Each structure stands twice: as structure tokens, then as C-alpha cells.
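Chains as they are written, first to last, in our numbering: chain A, 1085 to 1397; chain B, 83 to 560; chain C, 3 to 454.
Hints should not be assumed to be uniformly reliable.
What the hints assert, rightly or not - Here chain B is said to cover these stretches of chain C; the calculated rule only asks that three of the stretch's residues, wherever they fall, bring their Cβ under 8 Å from a Cβ of chain B:
#1 115 to 127
#2 418 to 425
Claimed, not checked - The calculated label-pair distances, taken between Cβ atoms and stated as ranges, are:
#3 B:P410 / C:A331: 41 to 49 Å
#4 B:T311 / C:A331: 36 to 44 Å
#5 A:V1225 / B:A482: 23 to 31 Å
#6 A:W1155 / B:S362: 37 to 45 Å
#7 B:L306 / C:S179: 22 to 30 Å
#8 B:W247 / A:I1119: 24 to 32 Å
#9 B:L464 / A:L1158: 46 to 54 Å
#10 C:G275 / B:T333: 27 to 35 Å
Stated by the list, open to error - One side only, chain C facing chain B, incomplete, derived with CB under 8 Å:
#11 A163
#12 I189
#13 S249
#14 G257
#15 A335
#16 Q337
#17 L428
Keep in mind that the hints were calculated from the coordinates and are not lab data.
All values reported here derive from a predicted model rather than from experimental measurement.
For glycine and all other residues, C-beta sits at the position ideal for the given N, C-alpha and C.
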Amino acid sequence: MSAVSPATKPVSPPTKPVTLERRSLLGAIRPSRAILNIVLVASAVFWLVPTIGLAIISLRPESLFQQSGWWTALTAPAQLTLSNYQTLFSQGLVTGGVLDSLITSLEITVPATLLVTIISSLTAYSLVFGRWPGRSVVFLVIVGLLVVPIQVALIPVVQEYRAFGSLTGFNPFGTIPGVVIFHVAFGLPFGIFLMYNFYSGIPKEMLEAGRIDGAGEWQLFRRVALPLGLPAAASLMIFQFIWVWNDLLVALIFLGSNPHYTLTIFLFNQTRTLAANYWIISTGAMISIFIPLIVFFSFQRYFVRGVLAGAVK
Amino acid sequence: MAEIGTEATPRARRRAAAVNEGGNPGGGWRDHLGSLAFLAPGAIFLLAITVYPLVATARNSFYDATATNYVGLGNYQEIFSTSSILVTFRNNVIWVLVFPFLVTFIGLVYGVLSERIRWSTAFKTIIFMPIVFSATASALVWRTIFDLDPHIGIVNAAIQTASDWVSPPGLYPVDTSSGQTVAGLAATGVSSAPKDSLESSSTVTAGNSIELGLIGVSPATLQLTGSQTAVVPTQSPGAVTGLVWRDFSPTNPTAKGQVLPDELGFAGLKLTLLRSDGSSAGTAVTDAHGDFLFGGVGSGDYKVQIDPGNFSSGFTGVFWLGAQSLTPTSSLNQTAQALLSVPLVDISMILAYLWIWAGFAMVVIGAGLASLDREVLEAARLDGAGEWQTFRRMTMPMLAPVLIVVIVTMLINVLKIFDIILNMAPGSSQGEANTLALAMYNFGFTGLGNWGLASALAVILFILVIPAIVLNLRRIRG
Amino acid sequence: MIGRKASTLGLGMLLAVAACGGGTTATNSPATGQNIGGSVNLWAEWSSSEQQAFKAALVPFTTQTGVTVNYTSKGSTISTALGSAIQGGAPPDVALVPDPGTVQTLAKQGSIKDLTSIVGSLSANYGDAWNQLVTANGKLYGVWFKGANKNTIWYNPAEFAAAGITTPPTTWEQVISDAATLKASGIAPFSLCTDIGWPVADFWQNIYLKTAGATAYNSLSTHATKWTDPTVTAAFTTFGQLVGQPSNLLGGLNGSLSNAYPACVDKVFPKSGASPQAAMVFEGDFVANEVKANSANYAPGTTGTGGAACSIDPAKTPCYNFFDFPAPAANSANQGAVQGAGDVAIMLKDTPQSEALVKYLAGPTGASIWATAGGFTSPNKTVPSSAYPDPVTQKDAQALVNATSFVFSLDDLQGTWEPMMWTDMLNFLKNPSNVTAIQATMDAQATAGLGH
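Given the sequences, and given the hints that come with them, work out the whole structure.
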């Protein structure tokens, strides 16, 4: 397994396999197993309460919301019903509804994720295996861009989109491509960083052999670097997917007056406009966390790896 | 492969050098073209959307709201002289001072503790999971948790349950926190008395009855306590009888003081008969019709007291998402208030944000813990170093890089905080909960849009982030 | 088919000839029957159900004139979108904008067309108060289509009856005394909407309008009157008579601060299963939509469905009604002044199709269709009262049409310092005794925000 966390100096690998018998960092401060478990169980319960609460609220009829707390459903499960979900889904694909917003979120997240992964791989490849001068400077610039807040780019990009529109007739502002472009650009520094670290671990000899055989850069990329880089690319995709899926600010600005919403905008509207009904909020929130949860549980390892790899977003 | 510099001819030397570098001998710009072509897409995106805008924003910050007229430092002056914008600085400071260290500490504790349990994977998954939710969804979840109404917000509900168990509320609670007063219930023949109780305005003697009229309680509440139509009390020798009733009739709103047929009595009221010196001569409880009877009453003048316990409302909820300041700044001028207040809503939001990000800290620190060299620690202990010493002088320094990564990452995260403020703080608290990133959005993209001011805020945000950039560059370089 | 088309065309031309004879002066009816075909690009802010109602309102227009209406919903950002489109050179033909300030600005820029030659002075269609708002340099630039009345205090008639209040208050003093009566009967008088402050601003603006009058109101809007003026102080004092007493507000101060719109409406007109917690709520006539959405049982007026008495229980026969925001007895001359909002049609490109559309919007047909569908009132005098589906909406429309003066929401005219104004209103709520400092702050913010 190659570089995981370049931000920390490499430490010598543990000589013993990691087992439970390993001496804990607490040393002789040995809380009894019971107390430890109690503390951690209490923490886990505390952590689960908000999510469970949200789920239960979405499963209760709205009229009960102001009368009694959701925790009463724990002792009276008969009140739970799927009616809220049925109502939202029965709206079908009406623009601005929850299903349409789900689709819009997908339309933004999937292209953004794919583009970031592909372009990051290409750029990282060029930085690691290219031989052109100035590579290290470019890489440093990208590292510098890692923590640049998107706020510094919002207004000029709006201006750029408008200028592009008057030049070519297509103004990306208020369109899905406009949102995707912005997400790709701000996902690139992290993506390139991740792939760079991974590619750095690939021995150069593997490509050398290919080059001597006369293979072109593109072939080398496709046949050597890309397959080897799949684990890192997977981590990047998962991380990017969840990041873009959960974004609110970029979508709010660049999707603007577009009648279609992302799921996050859909939820946000429920708190701001004249239609704040809690059954919509809770049900919509459950729907919005459903897909990231699936992605998370299916690809947990990759996601955690992505988080660990610098994770300076 | 021969050493560089030992070749016969300069050309061969160059070829060897190129090969050593991993290059193709005879390579030149043509090879670079392939690599550079790979660079192109990324470069276009980054230059267009990240690098150029940085410069453009800096330029825009010196221009006016439509980014067309030069205003010099005008935007910056406005930022530092408007108290509603200074509020954002104060809030960002609060977040930066509190959150990164708190979340790292929690992550460290969980990271260390969870090593020793069998179900550590499950535990870590549970703690880590909230990262996967959008900050928007999480904010809405926590907004419900902190809701003022104990029927909705679980925090207030929990406190209320505990408080009611310790001191149960009365049958007719008067919510003094919302401006209602017990004295406001007094209508006919009743006046307010010390300690939130009521007492009869006039005195009564044994063998007579007294009527006490109250208002301010709805028929719905009375029906819940089992109250029925008020019945005029009959007198009884040697006893003090009376009636406590709702002196309000919708059909006859001006008729006060009479017991009308459609008026209800107050059931279940706890009363005390007071002698003229204030001591108690007995207690009673009103029946379903509001009537009461104090038996075995001697001579003298008595007053009837309606005990304060009837009206205690117990805990009615704390406005956790409100903008009231934890620091006593209400008497200060506006700018001082803006800079020194600590609104309660900030604390609530920090708690919600901890719930989201503690898992991240725990996972990163956990990975760092896993790669620690236990042998070294073991050796130190064998050498006689104490537990705390080992932890302080060996473990922590080894963990330090990881901890710094987490702290810095969270610091940057918190500087840009936006979604959670926008969605969790209720409308009336938005002003006090405002942060730089949120203010930038509000000024730039809501209402008429003031691009100059928003750009200036973005520039300030960028300047605050520069130390992290420098830190990152240092780590990568060295 | 062809024969049919020809005969329609012929009939249309006949009617057109007949109608055209009326000349170009004030006309109540659109150029009916003139089948010109073509299309017109129309922008407005309405989406979802409002969009459907609007489209239904435009059907007779397309039928009569054969003009296809390409409607785009721009949501609440329509003013900024319009500005960008004009700058970019691609504006729609006709747009309905929600504030007259935009109309004035665009008129002065020369971006919209003078409508006087197309629809005349429209004095028969709208009151002076309305036409004045969209007139610049003596020329008429806008045609009002939809209006909103913000002069309404909504009350639960069942709660009023339970408190023995048989008629709603007609003066401000009666509001205060009715509040005391309601408290005595055991219900909170007001559910005060706060949110980020705009409902509080709306409330205060109504008070200012009713105490100081429309002329002073307009003068304050443009900051010709300073916020430190005694009339402003008087309005705050009057406002304080109600909100300075936390027992008048549901939940007191904290309860009010956590009371966002539309949750505040649900406290007076709850869904089935809950009971009302307050008797009155102030906001514009859009409250009616929220009430009806809570339960279909709500009957407009003071009588429940089927003539039954209004019940407090929303599962039975609840009612909803409003009374006009009352002026203090001493300022009864201002009783007819109305604060509100509306959507006005402006023309950006002069084509036969856009002219026909503007004329249609000035007439009764389109407005009547939407009126019948509900959720709509129009300041247009030619819209018959019978078009409105219930007595509450009729009363609402009458107030708009009969307004002796009409003023637009003051806060929406304050430009960049509008959000600060809202915060200041919340600050007043939190500390009513601090009024002098708040007034001074507001004046400084107005100067900075408006430039004078």
C-alpha cells in the first residue's frame, strides 16, 4: 500500500502486528472494561440519537409533530407510517419536487466526480512521470491551492460565465454545466494531490520499460498508471461524490434561478420560503442522506482512505 | 549503467544522464508535448476558475457594488466600521478558538479509548457517519433537537422531564418567562400576594362564604382539569366555604363579579386559610365545581390564599438557538457588543458541528495512533518513566504531527463555515450568528448584490487562510 | 379545418374593426379578436401552482389573438435576472415585476416602453394611487395585474367569540383592549412572526402608515424624512403598546423570536389535532393560503361550513377572517391607506404581440380567471367582485381597489440596508426602551445605504 498520509512524516512500521493485546496508550491507567464500555456506548447512543430522531420524525404523521416529541414513538410504534414518503414520491417528477431534485443532484455530482478523477489522474501523471521542467513548482502551486476558499472565486466566475455567454451565446450561469465546472475546478487540487501521492509510489521502472518499447504517453497512462491507480481513484471518486452531493453554496449561486434544485437547495428552501413543513424537511433530509450512506457503507475503506490522504479540504 | 560523467563523449554523457533521469535519450520538447497535453485540461480549469479569479477578486475588492467604479479602500473601511459585519469576525474568532481544539480533543479521546474495545469498528463507524450527511441536513436535524418547545426539542424535553420530576408543575401553570404573571389572574375579590400567590381581597369569618373570581385561563385548560360549571357555595356554620371560579362569560363580557350560568369553576386548586397574623388555619382543595370548605374554623377574620404551587409552570424551555449573549454585554455600545458578545446559538451550533466532525478527527488520529511505534514507548516504561511522563514526553510528540493536521484542517474548515449557520440559526438569530463566509454570500448574492464588499470579505477570508497555505507548502517541501 | 380558420379570421377581423373604432384613449377591454398569431416572451416570478393559475388566466388571450405565450418563471430573482438580461441584450418582450422601484429605474434608463399610447391613462381601470407608482415623467409604464394587501390582521373568529368579542376592532386602541380581553379569556392575543425581521418591519410600517399617513410614509421611504423624526418615534411608541407587553405575544419574547413564518400562522389556525394557541396573527393576505393548506375545514368568514358556528377545534368547523389594520382613533383619516405589494406588467420590446398582451392584462378577463381559482387579488377595478370565490377574498380585493392611498412595502424600497432595517426591528422587539438609539442607527444606515 503506497503513501497514505504525506502530511505526516513517515514513521517506522510497527514491528508487532496490531492486536488487542497491544499495550494501550493509557498504560497503567486502566479503566475497567465495564466503565470503558459504558462511556463508549453512551457516546455511540448520543451520536445515533439525532439520526434516529430524524428517521422517526419522517415516519410520523405531521399533525403529531407539534403535539408530542418523536421519542414518544419509541414506546408507541403504532404511530409510525410511511405516508410522508408516499406523499413526496406521489408528486412524481414535478420540477422542484424531491425526486426531481434528486435527479438534479445526480446530474451534477456524477459528471463532476468523473471529470475530477480523470483530469486529476492525467495531471498527476504528468507531474510525476513527465520530464518537463518546472514540475515541482506547478505541484507546489497546486498544494497552495488546496485550501483556497471558494469564496474568492465566486464573483469572478459569475463574471467569466457572463463574458463567455456574450462571446459564445451560452452562459453557464444558472445551468448544470456551470455548477459542474466550478466543482471540478475546486476538486482538482485535492484530486491531483491524492493521485500525485499515489503515483509517486509507483516505481518509475515500470513506465521506463514501456517507454523503451516505444509506447506513447497516452498508452502508458492507460495501460500502466490508470489500472495501478484504481484504488486511489476509487477513494477520490467516493470522496468527491459525497462532497459535491452535499454542497449547498455553489449550487445556490450557480444554479440560481434555475427551476430545478439540488437536494440541498430543496432542503434549504424548506427553511426559508413560505412552505416550511417539517414533514417535508425530515423526509427530504432522509432521502438526501440515503445515497451518501449507501456509498459510504459500500466503499467505507476507500472513503476513509480518501479522508486520511491529507484531507485538508 | 555507467556513472554519469565517465562517458567518453559529451553526447554519450548527456544520454546517460537522460536515461538516469528516466528519460528517453534524444527526447526534447516532443516528449514534453505529450505530458504537457495531459496537463492542459487541469490547467485550464485551475487557471480559469481558481487562479485568475483570485486576482480578479482582489481587484473587485477595490471597486464598488457593481464592480465598475473604483472606491479604493472604501469596502474595507465599511467592513471595519459596520457593527453587523464586525459580528462576523467575532463569531469566526469564537469558532476558531473553540472548535478545532475541542474536536481534536474528542477525537483523541475516542481514538485512544476505542482501541481497547472489541466493537471498535462499529463504534468508529457510528461516530464517523455524520460526515456523510450534508451540513444542511445535519443543521436541520439539530435545529429540531434544540427547539424551544419541549414537545419538539429533545434537549428541552429532557430537562423538563427532570425538572417536573423534581418539582412538578401546578394544575394551572403561569408561564412567567413569556410575560404572564400570577397577578394577572386576579379578577374579582382577589389580589396578588407575595411569592406568586393570590389571596382574597377581603376577609371572611366562620359560617360565611367568599367568592374568588379568576381570569386568564381558557375553558380548554379547565376542561382538562375536570372543572365543571361553577356552583354558588352554600354557607356552613363553623366553616369557611367559598368558590373559585372563572369570572369570564363570552355572552356577557362586561358582567363581572357575578357567577353566571356559563362560567366554570376552578377544580383542584390548593388553598390555605390564613389568620390575620398570616399563619395557616387549614388547607383545602376545590372540588370539580370550584367549591371549597375549611372545617372547624374558630372566630376571627380570615383570608383565603390560593397557593403559589398551583401556578408554577416548571421548566418551559431554553431558547438554545437564540442570540442572547453569554457574556454580560447588554450595557455596552453597539460596536463593543458586536465584538464581545457570545451568543448562545454559537454554542449550540458548535455542538452540532462537533457531532459531524468528531468522527473525522477520531479516524485520522486513530490512523496516527496505529502507526505509532509501541516498542519505543514500551522501552521508555521499562526504563522507569511514569505513565503520565510517557504520555506527555513521548506519545504526544509522536502524535503531534497528526494532531496538527487535524487542528489545521478543522481550522480551515471552520473559517469557511456556511451551511450550518444558514440552516440552523433561526431567522431572528441569523444576524448574531453571522460568519465571514455567510456574510460574503449575503452581500454578494442576495438582494441587490454588493460585489465590492463581498469581494473584500473574500479577500480577508483568503488572508486568514494564508498561514495554512504556508504550512502545507512547508510540510510538502520538507 | 381551413374553412373554420378562415371564418374565425374573418370574424376576428370584423370584431377588430369594430373594436378599433374606439381609438387609443382609455379602454376597459383589450383588442379582442384581433388574430395576429406569433409569439411573445413573458417573464414573471410565479412557479408551480401559481404558474398554472397564471397560464390558465392567459388561455383566452391565446384563443382570441392566436399569440403563443412563452412563459418563463424567474422566481424571486426576477428583478436581478431582468437587469442582467437587459445588460446582455436579451430581455423578454413583457415582464411582470414585483416592485415599482424596478419600473421607475428601467423607465429612467429607457429600457421599457411608454404604454400611454397603447392602453391610455388607465384611470378607469386603476385608482390614482396605483397608476402613480408606475408613472415616470408623466408617462405610464406599467399595467398592474396582481396585488397583495399587507393591511390585514388575521384572527380566529372562534377564539374571538369565546372571548365575547363580537366585532373585530376598528381602531388601534380597540386592538389593545381586545388583547386584554383575550388574555382574560385565557388565550394569547398575538402570534408574532419574527423570522429575520421582515414581518416585524411590515407590522411597524403599517403602524407608521396609519399614524403618519401616506405622504409621510412615502417621504420616509425615500429618506426625505429622517428616521429620527418624531413621527417615527410616535410609531415606535404605538408599536410598543402592543409588543412592549410580552404577555400580549405568544411565548413572550423568546417565543416570538423563534416564531418563523409560516409556523406563526399555524399557532392561530392549526392543523387538525392541535388547538389554537393565539387569536391573531399579522401578515399579508398570503396568510389565507397557509390557513387553507393547514386544513380544508377552514371556512372563510365568521361562519363555519354549512352555517355552523365557528369552532375552536380545527377538526370541526373552524373559520378564518381578517380585519383591516386599524388606525388609532386620532388618525382615522388614514384608515383608507393601504400598504401592499403587487406585480406590474412592463413592456421591453414593442411588438404587436406584446402590445396585445399588455392590453389583455389591463382588462378583467385574465385577472378574473385567476381570481376564481383562488390565491389572487387584483387592484383592477374592472374585475367583478363575483369573480372572487369567497367573502374574505372579496373584502381583500375591495380594500385594494378602494384604497385612498396605496404605498409599497417600505422595506423593499430600502435597497442594500433592508436587511439591516429588519435587524433593527428585531432589536426594538428585544429592547423597546432602546428606541432612540435604534432610530439613530437606522438613520445612519439609511444614509449609507441610500446615499442620502
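Original post:
Which numbered conditions among the earlier hints are violated in the structure presented, ordered from lowest to highest?
Top reply: 1, 15, 16
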